[in-house]
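Note that the protein sequences, when read in sequence, are chains V and Z. Each step along the first sequence adds one to the number in the numbering used here, with nothing skipped, and position 169 is 169. Each step along the second sequence adds one to the number in the numbering used here, with nothing skipped, and position 193 is 193.
By construction, these hints were calculated from the structure, which means they are not laboratory data. Among these hints, one or two may not hold up.
[Stated by the list, open to error] Some chain Z residues judged to face chain V by a derived CB distance under 7 angstroms, without partners named:
| id | residue |
| --- | --- |
| 1 | G197 |
| 2 | P241 |
| 3 | T244 |
| 4 | V504 |
Quick caveat: nothing in here was measured; it's all calculated off a predicted structure. C-beta: ideal position from N, C-alpha, C; glycine also.
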Amino acid sequence: MIFDVLIPLIAALPLAGFALTAVVGRRLDKEAHWLPVGMVLASWVLSMIVAFSALTASGPFADGGYGVKLWDWIPAGTFNVQAGLFVDNLTACLLIVVTTVGLLVHVYSIGYMAHDAGYWRFFAYLNLFMVSMLILVLGDSFLTVFVAWELVGLSSYLLIGFWYRKRSAALAAKKAFIVNRVGDVGFALGIMAIFASTGTLDIRASIEHLISGAPLAVPLPVIALLVFTGAVGKSAQFPLHVWLPDAMEGPTPVSALIHAATMVNAGVYLVARANPIFGRAPEVMVVVAAIGIFTAILAASIAFTQTDIKRVLAYSTLSQLGYMFAALGVGAWTAAIFHLMAHGFFKGLLFLDSGSVIHAVHDEQDMRRMGGLWRRIPITYWTMLIGAVAISGIPPLAGFFSKDEILGEAFKNGFLWVWAIGFVVAGMTAFYMFRLMGLTFWGESRVDPEVEPKIHESPPAMSIPLVLLAIPSVLLGLAIGFPPEDGLLHRWLAPVFEETEQAMGRHAAAYQFFGIDGVLFIATVGIAAIAIVVAWRIFGVELLGLRLRPRRELATDATTANGLTRFLYRASLNKWWFDDLNDLLFIRIGGRVAMFLWWFDRTIVDGAVNGIGALTGDAGRGLRRIQTGRVQNYALGIALGLLVMAGSYLLIVGR
Amino acid sequence: MAITDLPLVSAITFVPLVGAILIAFIPRDSVGAIRIAALVTALVAWVLSLFMLLGFLPGRPGFEFVEVAPWIPTFGIEYKVGVDGLSAVLVVLTTTLTWISILASFSPIQTRVKEYMVSFLILEVGMIGVFVALDLFLFYVFWEIVLVPMYLIIGIWGGPNRIYATIKFVLYTLVGSLLMLVAILATAFAYQSGHGGDWTGAFDFESLRAFAATSGFADTFQLFAFGAFFLAFAIKVPMFPFHTWLPDAHVEAPTAGSVLLAAILLKLGAYGFIRFAVPLYPSAAHTWAPLIIVLSLIAIVYGAIVALVQPDLKKLVAYSSVSHMGFVTLGIFVFQPQALQGAILQMVNHGLITGALFLLVGVIYERTHDRTIAKLGGLSAPTPVYAAAFGFFVFASIGLPGLSGFVGEFLTLVGTFQVSPWAAAFATSVMIWAAGYLLWMYQRMFFGEVTDFLHSVGHHLVDLRPIEVLTLVPLGTLVVVLGVFPGLVLTVVSGTVSSVLASVDSASAVNLAFWQ
């Protein structure tokens, strides 16, 4: 069977790329990219073949998917985990995003990292990440997914800390890994609970057992909650969201690939993959929706005031991931995956654009020292504008269709509160994105005068991926999401989610453009449009010959208007003080606890040991005095001893 | 003649002794010849042990390669050695790490090389002997033999505070093992009186186990005998709260001494639990298990948290050992097949990974003569290969899947979860702590700018030398291979696991009501 070879090769090729580059990369120097890029290109081709076969249900995929078993990984009696891969339509969708964005980021990095001393190391790590991410979406058992889950964490650690001399980068890498591990503990316990309940870790077999109604060792909602904990960590949802903004310390291609388009989606993928479990735990679904939508508004509020271009995008990513979890929570499974795909492309694009901007202004990331760049770097500007329009949910770009579906389904499934918050977030999203556009590209230039003359558009290796990513950002919605709720994607993913939707008692109502759906459509697009106009008024643009003076003072006025707005402004600026809280809890208080335990170890535990030793020594020294060397003393001792013995004989025996 | 007819186990055990005797005849000035002779001896033992592992038939619960010779017939004491899956794996671990340790000592040890190498080879005799002895008296003899060379290794070639550390190590261990001797003798007496005064087989493990399986040992007797064994083994593992000799011993021991101390000596205690304490006194094991599980859980989390604040590299790794070995004792005493397989795998993995970490700490110590983490920094730039190797083993120790550490820990946790989800949840939290202390250490050593202290070291700060790479490559290879194919160990030890659990399952906990 040809797919028995093709599917493993998808992951094996970048693995070979990583291994070879790790060994010989240093010697290849500036040519080190050929092998890793070639491997990812080959992997992309194979992924397209496999994804196309799966989505058209042709050949061996006709029966809902096709799996390959590789070897008995952990043969421990009844606990027998095989290493195996499985491709169904959900995996196919993820494969498309992961390998396409992955390939373009690899190409982009040729330009972006061209002058970096660690060129080969960067490509080796990127390939390592690709292997890990591909295994994550291909793995057919929860434990295989967990392996990849940890491996993407490792690659993320290595890439965030890529510029290891920078203390902030080193700290961010460590923070990302440790915060992720908090979620991983939950995921690991979830896996243990699944095994204890079903006796297998194969995803399909265990899910089948879990939903069969058979008695379980661990209640289903607990399992769902534990698995969700893992998703919260990897997808940086509240309260484990703190690592993602710091992760922007990594090189920008990394931010685009790992921290926007692929790895952070792993949590969404996991919950979608386990949809039969979640579908039968409605109370957990509410938690998922609540965490998601709360993260969405929390992150959007922080994005309002950040001045680092990448941090705005990072908070935007948190916010959009929140949308996806909200979608999962309200049972809009397909919409969640739709948004995942659309977001993967347009956020990947936005990040690469931001990298292009940073490149143009010589490693400046602060938007207060940008402005007026749009004529200088037009390819970057126009592609980024496409990304910004897409994420703001303006039709007919990709983000509109997916976001509209999420909000529509939230409303129609009775989660009015999710819809209401999501509606507000839609407006906020459009605002902070166009604030970013305004500060970066519009108005007067605030670029360092020394850098100003050297501003240049990026080389083709960087600009071509931008153009290529702009295409799906525009067309993806029309291509697979139209007509709404009945597009190609819905048909592709129906086999994956159908059964759960029925179990949840959801009946797909026809999309009514001249009805509720139309009203929601107008509302969402309306608030986004208003937000864009407001941002445009504040930050100014000369567009289509229409010149307007930027009104920056509007923003200043609003944030200082009264006590509430001043508080909100400070809260946003300080990221709602989560980092400070964590610092207090884990560094200061946690550190004290650890120091106390160490003191306890030295003084009490070891003190007891040394105390017993000292006691023995003292006793010995004390008793030594008896041995005086004088015969008279010994004679006295013997006499006393005889007396005692005789006396006790008389007292005890003689009676 | 089949290979099983050769006295292979004795050969592996005593090849190092022969080597040690031969080295005694080499003039002490011929340092090179002494080193080569020691290395060759260790390699011969290693090859023989690999041969044994290959010829070993996996999955069978009984002992293979058994050799018996009468020793003290009056009391039924025999020279009886043999291996099952567990022993075979641990013997190979021992022989592997011994030659690596000897190789790693070539450069750091420049004084009294002859005595050093002889000590190491005799230490190997003792360690292998413990893993292959099937007679309790013989086991005790080997157990105590181990102490002597380690006492010398720390006491002569150790750091500034070596005398304190080595005396503490020896006395502490001795307290436990003397109680164990009493328990061994009491067990033999109980067996002898249960067999009409016949001493035959009174020290033989197999006949004692058969006797135990027929409820031969009284419940109260079991409680005390197990208690004595427990103390001996718990100190050796070491379990909380008997662990405080370990950081002291590690800090003072020379690099190779630390390697063998962590990799093999700590396994002696865990091996003792699996081989002797549990099968011989299964009812008492049931009674004691809850306490031991609690102590293991404390060790796992406590060791990790205390490791978080260690200023000294070696102490940090020492406390991480306390944490990792907690998984081993946890896995043994939940009496569950996956957990026990995980515990055994964890023993092997801890040997490989922690052994490698001590080698790596030795590398920086040899160059800077300092192990204070705060003085290090930015090592990635001047020593990239060292940074990569250190990073590899740090992530192995963190339990990154794909490397061997993960499988052992995860199997232990899966097994524990089925017995007590809360215990498993508590132990799983170590995933966070372990990442914390190890990445904290790694960041401070390798990231950031090169510190002034390291600048002052100057040209001594060189990257890994070929000989150091040679010591690390086999360990790294095994860590990857066992991470991807843990079945290599799991299938070999499956026979041991089922036989140990069979003895426990047929027993029930001692009814403590007799106290009233």
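Each hint, compared with the structure:
Taken as an interface hint, G197/Z does not check out: its beta carbon lies about 31 angstroms from the nearest beta carbon of chain V, beyond 7 angstroms. Checking P241/Z against chain V by beta carbon gives a least distance of about 5 angstroms; that is within 7 angstroms, so the hint holds. For the restraint placing T244/Z at the interface with chain V, the shortest Cβ-Cβ distance is roughly 4 angstroms, inside the 7 angstroms limit, so the hint holds. For V504/Z, the shortest C-beta to C-beta distance to chain V is roughly 15 angstroms, which exceeds 7 angstroms, and the interface hint is violated.
The structure is inconsistent with the numbered hints 1 and 4, although it conforms to all the rest.
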